[in-house]
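Q: Working from the sequences, and respecting the hints, build out all of it.
Protein chains in written order, with this note's numbering: chain A, 1 to 235; chain B, 1 to 391; chain C, 1 to 236; chain D, 1 to 317; chain E, 1 to 286.
It is possible that some hints are incorrect.
Output of the computed footprint for chain D on chain C, the stretches with three or more beta carbons under 8 Å from beta carbons of chain D [to be verified]:
| id | segment |
| --- | --- |
| 1 | 34 to 40 |
| 2 | 88 to 94 |
| 3 | 147 to 154 |
| 4 | 180 to 192 |
No lab work stands behind these hints: they were computed from the structure. Cβ atoms here follow ideal geometry from the backbone N, Cα and C, with glycine treated the same way.
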Amino acid sequence: MLDVHDLTITFGPTTAVRGVSLTAAAGTVTGVLGANGAGKTSTLLGILARAPRQSGRITFDGADVTGFDTGALVRAGIALCPENRRLFPNMSIEDNLLLGAYGTGRATRRTRLRDTYDRFGWVATRRAEPAGRLSGGQQQTVAIARALMSAPRLLLLDEPSSGLSPVAVDEVGAVLADIARDGTALVLVEQNVRLVRALCATAYVLAHGQVTASGPVPELLSDTAVSDAYLGTTA
Amino acid sequence: SPSGSPDSDVVKVGAILSLSGIYATLGPAQKNALQMGVEELNRTGFTVGGRKRTLEISYADDRSDAATTGVTALRELVQSQKVPVIAYGLGSDTYVPQLQRQPVPMVNMLDSSYPGILGLSDHLFLTRGASPTYVPGCLYYAKRKLGTTSISVITAKGEPYGEGLTQLVTKSAQAEGVRIAANSEFPLSSTDYSNAISAAVAAKPDAVYLSSVTAVILPVLKQLRQSGYTGPVIHSAGVNPNQAKAILGAQYDSIMKDNYDCAGTLPTTSQDPAAQAFAKDYQQRYDEYPQDLTMWAHDFPFIVAAAMTKADTVSDPAKIEQALKEIDVPQGTVSGWLPGDGGRLFTDRNARTASEVTAWCPGQDTLRSAMVFDVKDDAVVDPTFPQETCG
Amino acid sequence: MSALLVVEDVVKRFGGVAAVDGVSFTLDAGQVLGLIGPNGSGKTTLLGVLAGTHDPTSGKVTLDGRTASGRGAHRAVSAGIARTFQTTRLFGTWTLREALRLAHGERRGRPGWPDEQIANLLGLGDALDRPGASLTSAAQRLAMIALALATGPRVLLLDEPAVGMDGTEAAALAAAVRRAAGELGVAVVVVDHNMQFLMPLADTVLVMAAGAVLASGTPAQIRSDEAVIASYLGEA
Amino acid sequence: MTALGGAVGLSVLAYLLLTGLSGDQGQVALLVVVWTIALIGLNLIQGLGGYPNLAHAAFFGGGAYLSAVLLDTGLPMTVAALLAVAGVMAAGLVVALVFSRTRGQYFAIGTMFFTAVATLVFTNAADLTGGPNGRPVALGYSLEATVVLLAASVGVGLALFHWASVSRFGDRLRAIRADEDLAQHVGVPTSRVKLLAMVCSAGAAAWAGVLFGQYNGVVAPSQFTFGQSFLMFVALGLGGAGRLLGPAVGAAVVIGLTQLLTLGPGVSQIVLGVLFILVTLLAPEGVLGGVSALARRVRAARTGRADRSVRGEGAVA
Amino acid sequence: MSQVLVNGVFLGCLFAVVAVGLTLVYGVMEVPNFAHAGVIVLSAYTTWSASAAGLPFALAALAGIACGALVSVLTEVLAYRWIIDRPAAAPAVALGLMLILQNVALRLYGGEGRSLDTPYDRVLLRLGGVSLSGVKAALVVLAVVSLLALHLLLSRTSLGRAMRAVAQDREAAAILGIPMRRQYALAFLIAGVLGGVAAIAYAPTFQVSPYMADEVLLSAFVVVVLGGLGSVWGAVAGGLVLGVVEGLGSAYLSPAYQSAFGFLLLVSILVLRPGGLRSTNARRVA
Ligand SMILES: Nc1ncnc2c1ncn2[C@@H]1O[C@H](COP(=O)(O)OP(=O)(O)OP(=O)(O)O)[C@@H](O)[C@H]1O
Ligand SMILES: Nc1ncnc2c1ncn2[C@@H]1O[C@H](COP(=O)(O)OP(=O)(O)OP(=O)(O)O)[C@@H](O)[C@H]1O
Ligand SMILES: CC(C)C[C@H](N)C(=O)O
Ligand SMILES: [Mg+2]
Ligand SMILES: [Mg+2]
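A: In structure tokens, the structure reads:
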């Protein structure tokens with residue numbers, strides 16, 4: 001589904017990502033792991049043309065989308081649930097969700113909205129409130145729901161569990177597993193090892209902007225070198 | 001070239017005019033007339049110190065803001081250009097502190113503000129009848145010829161000429177026994193006058209008086225007519241047909257119907273052949289109806305030439321100032337001065353002309369003279385009523 | 001001797017909704033209290049009331065017997081209560097050193113560590129002269145804690161300090177918090193959803209649900225509390 | 001102490017300009033000096049504190065009018081001046097109290113409207129202010145004394161600003177500019193700091209107004225409009241907000257351009273507009289910021305190290 | 001009294017139309033758009049010169065609105081776009097643009113006032129003791145129609161929602177695939193259209209001049225703050241309140257201090273609600 005080849009991203013003097021290559025297949029969850037500042041967020045932003053790419057070729061669904069701008073990539077079926085949620089604080093929760101389906105028809109938006117409310121019951125009860133009033137974890141949930149509103153074929157998730165209570169993490173995990181089962185490709189940046197274990201078949205480990213290891217998750221996580229260096233003490 | 005032949009000395013004098021801003025209905029016309037006057041004067045030139053001279057005017061725009069731009073222009077003219085005499089329009093009081101520091105005679109061609117500018121400084125000269133000399137004519141005429149017994153006054157608050165007019169109108173109305181039905185105001189900067197207009201009209205007056213200058217009162221007049229008022233309107237703005245057309249638009253003729261203006265005599269309605277000739281020249285040259293103030297502006301160069309000749313200097317402001325007080329009405333002028341003591345132009349630094357009430361001629365784009373008069377001790381004297389004919 | 005921080009029946013309403021609904025607890029110097037609860041249960045709001053960000057609707061907070069609530073954030077800081085935010089907030093263009101100097105300047109004579117020591121404690125030694133915005137997200141969270149520590153607090157309130165940190169980083173942070181509590185006698189309230197980080201760190205744990213206290217006790221007690229497992233911890 | 005040296009140097013320069021130039025240029029020199037004094041005040045609340053204060057022209061005019069009125073009651077000039085400054089500072093306190101809960105553009109528009117109302121008062125309270133035509137100002141100081149005071153005020157003002165800027169007060173203001181909520185949470189008493197900055201700022205503007213009135217001999221409402229406030233605001237930004245010399249550079253640029261461009265009605269203004277935009281686009285940190293960035297680049301190029309990571313901010317120029 | 005109210009409502013509608021244009025641009029770009037005055041002036045002159053050239057009023061009005069829209073978009077494309085990440089620089093650019101636009105009008109058309117004639121110049125509506133001239137009634141109608149249209153656009157359409165999103169978090173909007181540039185241009189386009197509507201609606205009651213919009217713009221900024229920056233309905237409510245309060249104050253207290261009553265209103269509202277009548281700020285300090 002997604003094939004990233006030799007991606008390099010620099011911010012002024014800092015090179016955040018150096019020659020990263022990765023693939024993600026439909027119906028699977030691909031993990032991206034690594035310490036802070038390893039370049040995970042930058043990689044996701046780079047895929048969506050939101051970070052300055054120095055090099056790299058990106059193929060999506062068999063087509064070369066390297067030159068596409070963000071709008072075109074979104075229309076092609078890619079969605080990102082960004083780091084720090086990035087909801088529109090002064091807009092209602094419902095408007096936030098509808099924006100997730102920007103560019104689709106009115107009827108589609110309505111259907112997906114209903115699906116979202118079915119999936120996250122409490123959101124419906126507060127849909128007219130400004131999103132900025134929600135607690136951190138509630139906002140995170142809405143942010144994930146918003147990313148799902150575009151019914152993406154490739155979903156990029158940047159630490160979706162942050163701020164979520166353990167129960168909520170499990171719930172979100174279940175939802176994501178559902179989505180993957182329906183044929184979406186997921187790329188998951190995550191520190192929560194439990195979630196990674198539960199969802200990801202394969203993963204990449206980044207350090208200093210480079211891929212230092214990759215492979216099936218159980219093997220990666222049992223590799224003590226990897227866990228000590230990049231994941232800390234695993235639970 | 002207009003500024004004299006090569007074998008003559010060019011004398012530079014200053015003129016501070018309102019070429020832009022809310023008084024921009026006045027400055028450009030003055031500049032036109034000044035230019036005509038200079039050219040006429042320079043055709044023969046004048047002689048000072050045995051040498052032939054021609055005049056050149058250094059113009060400055062006060063942007064209708066005497067206190068800021070005007071004062072700066074005055075400093076510039078006096079300190080850098082060293083002009084010995086200056087013509088100017090509005091803002092007399094603003095120039096006083098600077099005149100205290102660096103005296104120079106300043107000849108006013110326009111300022112009619114109440115109660116008068118001559119008391120402000122000994123260096124100011126006035127070449128026209130001020131508002132106290134023509135406003136009483138408004139009420140005198142309204143009462144006798146329009147049958148007005150009550151009048152509403154609408155004033156532009158924050159515009160000194162208009163505020164002065166209102167005081168004068170109030171005083172004259174009392175003297176004439178005309179009742180002030182309502183006195184309403186609007187802030188100068190506003191663009192909607194409905195409250196002032198409603199208040200004025202609600203009092204059901206026989207006539208409405210609008211206190212301010214052309215650029216300010218014409219929009220008020222327009223809204224006044226739009227609000228349904230059809231009675232007589234009186235003002236002292238010196239509106240000419242060109243301005244009426246431009247500011248009032250297609251309906252100008254009906255809006256200007258029943259409009260009366262009391263101010264200085266107009267060159268076009270004047271009986272004086274010199275004034276009439278000037279009016280024709282001006283109209284031909286600029287394709288514009290000449291206002292009263294054009295005559296005074298036209299005459300300024302001749303006044304300067306006479307004073308310099310008399311003082312026998314082109315550079316000493318003090319001597320020129322003294323000479324101004326002593327000159328007679330100069331040859332070549334068109335304003336129709338009312339000569340003062342001993343035939344002098346200025347009496348107590350004041351040169352006067354007769355005043356006039358004019359009325360709009362519907363369908364003819366012109367004004368007619370309705371009454372010519374003079375004012376002594378706040379009362380109208382020597383009124384004459386020309387035949388009530390237009391064009 | 002009575003407790004350092006006494007929280008009595010604090011209620012905070014937004015419009016009609018009670019985000020915090022009658023919470024009471026006490027905290028001694030040097031003690032670390034873990035505060036957990038489902039999303040939206042009122043933890044951040046409670047910290048806000050303690051730190052003077054919000055005025056309580058009713059109830060009060062006393063520090064050393066003096067009322068500390070309802071008087072604005074800067075007064076809370078001068079009384080000795082400092083907090084961090086759930087979403088990172090820094091003076092973005094300032095270097096960490098400049099920011100610490102400011103916070104330090106507002107310390108009002110209470111004992112505390114010098115700026116360098118605070119930075120080193122949190123592993124921010126290299127970051128001292130870099131603008132806050134150029135740090136990684138985890139470093140920014142640590143910088144926020146450094147800022148709070150620089151005000152010389154007697155009570156330190158941390159809102160999800162370990163978000164986005166991996167295990168090693170979280171463990172280092174826990175150690176730093178412990179040292180601050182131990183060496184300076186700072187009382188700490190820490191909110192986090194990362195149980196591997198929080199449980200070993202906390203002396204006692206308070207669980208909130210729907211604005212009220214659901215349970216409190218030692219970490220071990222809480223881990224095995226049925227109600228807490230059902231509403232918060234899950235079957236893990 | 002390079003800052004102090006610079007302050008003294010600027011004082012001397014101001015004196016030389018004021019005494020050496022006449023006419024148009026003299027007027028420009030006067031306005032530049034007067035604006036510099038007023039902008040030093042603005043540099044506290046706006047430059048350091050980040051509060052877009054558009055009441056400055058009102059304070060400036062307040063000082064000018066109030067001192068003129070007080071002088072005419074027979075008070076000695078210095079007393080009249082001090083009372084005028086104190087009165088305006090009190091007004092500044094009130095404005096600050098009213099608007100201190102508002103931020104950003106709310107503050108800007110609130111204070112802008114305050115200036116609009118002050119202009120109304122200057123225009124309409126004709127008994128005191130002389131009305132729309134303005135009010136002649138009696139000579140309280142000799143012209144020479146006024147010039148000396150103007151020049152000295154520049155130096156003293158800059159020195160005071162420098163001192164405030166490097167003190168804790170300056171840090172607190174900068175913190176408010178960066179993030180007011182966070183500042184509160186590290187213990188900065190933000191309301192008090194803002195009030196103090198606003199009051200000092202008003203005082204500087206009032207003092208500038210006193211001297212302006214003395215020199216110009218006439219004060220009029222048109223000199224103290226919200227447009228002037230806006231121009232002052234822009235001047236500080238163009239010079240370099242928060243930088244020591246920002247006021248002087250900003251005043252010189254804005255006054256110089258507005259007064260010296262004479263390309264005929266309209267055209268000068270158009271050119272002025274284009275210049276404002278260009279300076280803003282090309283020098284994000286103001287002229288001074290641009291100059292120091294350029295200097296840095298030149299230095300870097302000369303030493304061969306293209307050190308592009310340097311990112312200073314809020315530094316004292 | 002009722003006449004004063006009617007006058008106030010008329011003014012309020014004018015303020016609202018201008019203010020909504022400002023608030024929209026502010027909302028999207030955080031720009032205090034002083035250049036809006038220039039947009040209004042140029043629209044009015046375009047309409048004037050088109051009708052002077054013999055075009056029927058309706059066409060001339062459309063030309064004026066089109067000119068407003070074009071000029072407004074040009075200010076965005078040529079100037080504001082380049083300072084998009086530096087809101088602090090916006091005032092200087094806005095001032096520069098205002099100088100340019102106003103003086104372009106001055107150069108092109110001179111400083112004297114011009115009259116804009118409409119087919120409904122002579123209409124006068126009377127109801128009981130209250131009267132409203134046709135030109136003013138037309139403004140009220142135009143204002144209501146255009147504001148309603150705008151409201152529907154912003155609240156009901158995806159486009160409007162996207163515009164509000166861009167206003168609040170540019171990067172987040174971009175991530176969702178919303179084309180930012182287009183939204184900016186669109187906001188300025190709408191503001192320009194509203195400026196054009198304001199111009200052709202009120203120029204006939206006043207006159208066309210380079211300075212015609214100065215005073216109105218000041219009031220409109222106050223309205224924007226009264227209503228809460230970025231809030232369209234706030235601007236409408238604020239406009240009406242300001243118009244009526246200033247009208248009442250000027251009719252019953254002192255016309256010279258008309259805008260001072262607006263100031264008192266502003267002060268009292270800001271003291272009670274620092275975020276304006278319809279404060280939309282839901283950002284939490286936590
Ligand atoms: N906009 C930016 N400007 C400058 N540097 C940046 C920017 N964004 C990221 N960086 C730098 O790029 C590097 C990689 O950052 P990135 O955010 O991609 O890491 P990450 O793996 O997502 O880390 P985290 O776990 O903290 O989220 C870091 O050194 C960071 O400081
Ligand atoms: N300013 C506010 N206005 C209205 N409601 C608010 C406000 N702040 C918080 N709330 C509501 O109060 C409740 C508690 O929020 P709070 O942020 O305290 O939760 P929390 O326990 O910190 O949750 P999380 O774990 O998700 O951070 C939430 O429902 C939230 O929507
Ligand atoms: C403005 C006024 C002084 C001039 C006016 N035209 C008049 O004749 O009185
Ligand atoms: Mg990241
Ligand atoms: Mg929280």
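Q: Determine for every hint whether it applies to the structure shown.
A: Going through the hints against the structure:
Beta-carbon proximity to chain D at under 8 Å applies to 0 residues in the segment 34 to 40 of chain C; the threshold of 3 is not reached and the given coverage is violated. Three residues within the 8 Å Cβ limit are the bar, and the segment 88 to 94 of chain C against chain D gives 6, so the coverage statement holds. By the rule of at least three residues with a Cβ nearer than 8 Å to a Cβ of chain D, the coverage given for the segment 147 to 154 of chain C holds, with 4 such residues. Given a C-beta distance limit of less than 8 Å, the hint that chain D covers the segment 180 to 192 of chain C is violated, as 0 residues qualify and 3 are needed.
The structure shown violates the earlier hints numbered 1, 4.
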